[in-house]
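*Asks:* Here are the chains, one letter per residue:
4 protein chains.
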Amino acid sequence: MGARTFVVVGGTSGLGLAAARLLVDEHRVAVLGDVPDEVATVVDELGCAGQICDVSSYEQVRDAFAEVVDRYDVIDGVAACASMWAGGDLAALSPERIRRAVEINALGTTYVFKEALHHLRRQGHGNLVYIGALAVTKPRPGIPIYRATKSYGSSLVESLAEAQHSNRIKVMELHPGPMPTRLQERVGDEFLDEIYALPEQVATEVVRLLLLAPDDLYVSGERVLRADGRW
Amino acid sequence: MGARTFVVVGGTSGLGLAAARLLVDEHRVAVLGDVPDEVATVVDELGCAGQICDVSSYEQVRDAFAEVVDRYDVIDGVAACASMWAGGDLAALSPERIRRAVEINALGTTYVFKEALHHLRRQGHGNLVYIGALAVTKPRPGIPIYRATKSYGSSLVESLAEAQHSNRIKVMELHPGPMPTRLQERVGDEFLDEIYALPEQVATEVVRLLLLAPDDLYVSGERVLRADGRW
Amino acid sequence: MGARTFVVVGGTSGLGLAAARLLVDEHRVAVLGDVPDEVATVVDELGCAGQICDVSSYEQVRDAFAEVVDRYDVIDGVAACASMWAGGDLAALSPERIRRAVEINALGTTYVFKEALHHLRRQGHGNLVYIGALAVTKPRPGIPIYRATKSYGSSLVESLAEAQHSNRIKVMELHPGPMPTRLQERVGDEFLDEIYALPEQVATEVVRLLLLAPDDLYVSGERVLRADGRW
Amino acid sequence: MGARTFVVVGGTSGLGLAAARLLVDEHRVAVLGDVPDEVATVVDELGCAGQICDVSSYEQVRDAFAEVVDRYDVIDGVAACASMWAGGDLAALSPERIRRAVEINALGTTYVFKEALHHLRRQGHGNLVYIGALAVTKPRPGIPIYRATKSYGSSLVESLAEAQHSNRIKVMELHPGPMPTRLQERVGDEFLDEIYALPEQVATEVVRLLLLAPDDLYVSGERVLRADGRW
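Protein chains in written order, with my numbering: chain Z, 1 to 231; chain F, 1 to 231; chain E, 1 to 231; chain X, 1 to 231.
Next comes chain Z alone, as it looks inside the complex (with noise of 0.2 angstroms):
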């Protein structure tokens, strides 16, 4: 298979980022984030296709995919890498940032695969790869809304793993450990393990499950991590 199209939602820093500057010179790559300058910065540095989007407005995830699908025709992989960091205790979250975290997380997470499942299904093929996190795996008392939003998407994507009835349409998910990416260090330093995983090698992960064809095996579940032996 040659040159295919890749779209990374959240794709302006960390994770996603990572992931487009691995497709970038082999393919067709769209970033979409929601803010304007951090999108053309991307677009600039990396010469690829970007799309303001505020995952939490349908009209907005709707345009972009259709944009996206306007100007390469076919999606042949999503990632969905949007996500918002809430870490701290419930009590001290404000409610505005709880709405927020779950609007992004929840609800913007579920309006990525809506659209991106439409365009994937009109097309009979493609990939889609949620970034759950290895959060999900445990209790987790001191980020209970970020863990609540990512169990959300994990659930989700199990669901809709086996609503596509179908090898060639695969909606997969991964769940990293700790990385030292700005979502993370927005909370302060004291929440990194010691040991942590670069956003590029996590990527690699992200991409190999994007490029896998109609035909390959499902992967999924995958738990990528460095690990020090915990997870």
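Among the hints, erroneous ones may be present.
Any copy, or any two copies together, can satisfy a pair, since identical chains are not distinguished.
To be verified - EDC-like, lysine to aspartate or glutamate: derived pairs with alpha carbons at most 20 angstroms apart:
(1) LYS114 with ASP73
(2) LYS114 with GLU96
(3) LYS114 with ASP89
(4) LYS114 with GLU200
(5) LYS114 with GLU38
(6) LYS138 with GLU162
(7) LYS114 with ASP34
(8) LYS114 with ASP54
(9) LYS138 with ASP73
Keep in mind the hints are simulated off the structure, nothing from the lab.
Dock chains F, E and X against chain Z, hints included.
*Replies:* Just chains F, E and X now, kept in the frame of chain Z:
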């Protein structure tokens, strides 16, 4: 322990109403619901207190709890039963319906937990019982959104239970199987198993958890169903 | 329902003994244990029936159940409490100790389920309650073998519950947190949490499940613990 | 990294044989199997080393690993593929067959892990890949015993991965969906999904994990299947 005070969020129909009915003879009960007429009817029928409250509005949740505390001083237990059904294929669900399901079931549940725990911690005791769903235990291609919102709630309960660092504030969950409530009637009979539990039967378990004393053991994660062997 | 007949496998100490004690005033009880002196002591103390039975021997399990049926005709419920502790690092455990833990906790549990279900299905009703462990909910580097045997049992319960195709034969499980039983004393105090449940407290939940009527709902998957907020 | 040494436990048929075949051109491989003729055939065909080893005997496991170390000094990776099928209703399985399935799949796996980790820790590096089963993700009324033994193995991997406290010794697992191997032919075609993965396809994933370098990330928990949308 004598008469105590309980808040039943989503107490105007289905399981919530059945739990309120069981509690009201011996305890003080406040039911919260988002439809004024329904709240009025239940207040009338049960002779309990009632508050109009759309759980997706933080202010309404905050004010409803504040009014209960104004009136009764102490809240001994909260049943989080408010839930919106959103069955059917992702492609068939409108963006607005998806948003509403996420706002009620995920965001609204978080606001209820935030306010409930604020008061329980201030008091130093009390029980919070979340009504999950057996649906979380397996992928459900036919109800991806509903299941994802319940996976969100279940994840939140697990994290918040650990975050209390005390046996005196119990954050618990109960997973009912199918019941013939209004929530399910809306989606059509075909979704109901032939054999299902009645809300009155499941309500006895909800009440059992609500009535646990501060020094009692945690009892959580119950799966309650009329099973015909399946779950 | 009046007096019924219950078999408590592993009923000579800890949680099993506590459950037998709660049942014996109103019901017929047979305790099964692998140490003749201990069985004799409990039979003496409680005035119940007793059978010597090493659960890792199919013949002994079969014969013990057959004798209970000979004596009482019907078995209304079985509590599967027999369990061997095997804490500590994999490197530190002897091959023989590992074998014994697997034979008692995995193989023996399977034989108990096989015989119990044989009789319950013949009768057309009855309850089987497996004592799992909260340890199954997270990786436990310090108790890999013990946890693996409990994961085995929990998996078996889930599959067998679905295999009955009837509400009248209930295969249920209960996951206690740490208790100061002989099972744990053997491994040293350092493994016990500071705050733990007493077997007498957890036994009330075991008995509650054993006493469910054929037409009652399934109630399963309970986590019962004195938590101090953790689990 | 150049040629390395791998042990494939259960390497004489199915997935294990397919993995050995992929490794043998560039690496040193020792296959372990319990049927002397089968080991001889594979040694002949692949030109690799072979050891006769019934994993349910600790002495045989210990000696087989010791001979590999004698011959090659270092073990870089171990694939734990030995597994016995035990499908069918609990009532239909003979006590002896149940015992054997538990001895091979649970006890034998534990012995393999014990010896493998002994050598990997002595060396300070190496990979252990356990072949789980997608069956662990849902209750399976039709294969309760087989699933329970795989739940045991999966639980063990999770605990032991955390117990290493180092990224250099990776304890990983991979969950294949149905494959038309000898393990499944034994139970009759009706158990196979219409669409299944070939051992050769899944083997590439086994080998990918075996070849991870000490400083690579952990990659574990993969679900690998040809799904037709189901899992």
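*Asks:* State for each hint whether it applies.
*Replies:* Structure-based check of each hint:
In this homomeric assembly, LYS114 and ASP73 come within 20 angstroms of each other (Cα to Cα) only inside a single copy, at 18 angstroms, whereas the closest approach across copies is 46 angstroms. For a Cα distance limit of 20 angstroms, the shortest separation of LYS114 from GLU96 across copies, 13 angstroms, qualifies, whereas the shortest one inside one copy, 25 angstroms, does not. Taking the closest pair of Cα atoms, LYS114 and ASP89 come within 20 angstroms of each other only across two copies (10 angstroms); inside a single copy the shortest separation is 31 angstroms, beyond that limit. In the homo-oligomer, the alpha carbons of LYS114 and GLU200 never lie at most 20 angstroms apart, since the shortest distance is 28 angstroms inside one protomer and 34 angstroms across protomers.
In the homo-oligomer, the alpha carbons of LYS114 and GLU38 never lie at most 20 angstroms apart, since the shortest distance is 25 angstroms inside one protomer and 34 angstroms across protomers. Within a single copy, LYS138 and GLU162 get their C-alpha atoms only as close as 24 angstroms, which misses the 20 angstroms cut-off; across copies the closest is 11 angstroms, which meets it. In the homo-oligomer, the alpha carbons of LYS114 and ASP34 lie at most 20 angstroms apart inside one protomer (18 angstroms), although the nearest pairing across protomers, at 28 angstroms, exceeds that limit. When the C-alpha separation of LYS114 and ASP54 is checked against a cutoff of 20 angstroms, the pair qualifies only within one copy, where the shortest distance is 15 angstroms, while the shortest distance between copies is 26 angstroms.
Proximity of LYS138 and ASP73 under a CA criterion of 20 angstroms is satisfied in neither setting, with 41 angstroms inside one chain copy and 36 angstroms between copies.
Violated hints, listed in ascending order, are 4, 5, 9; each of the other numbered hints is respected by the structure.
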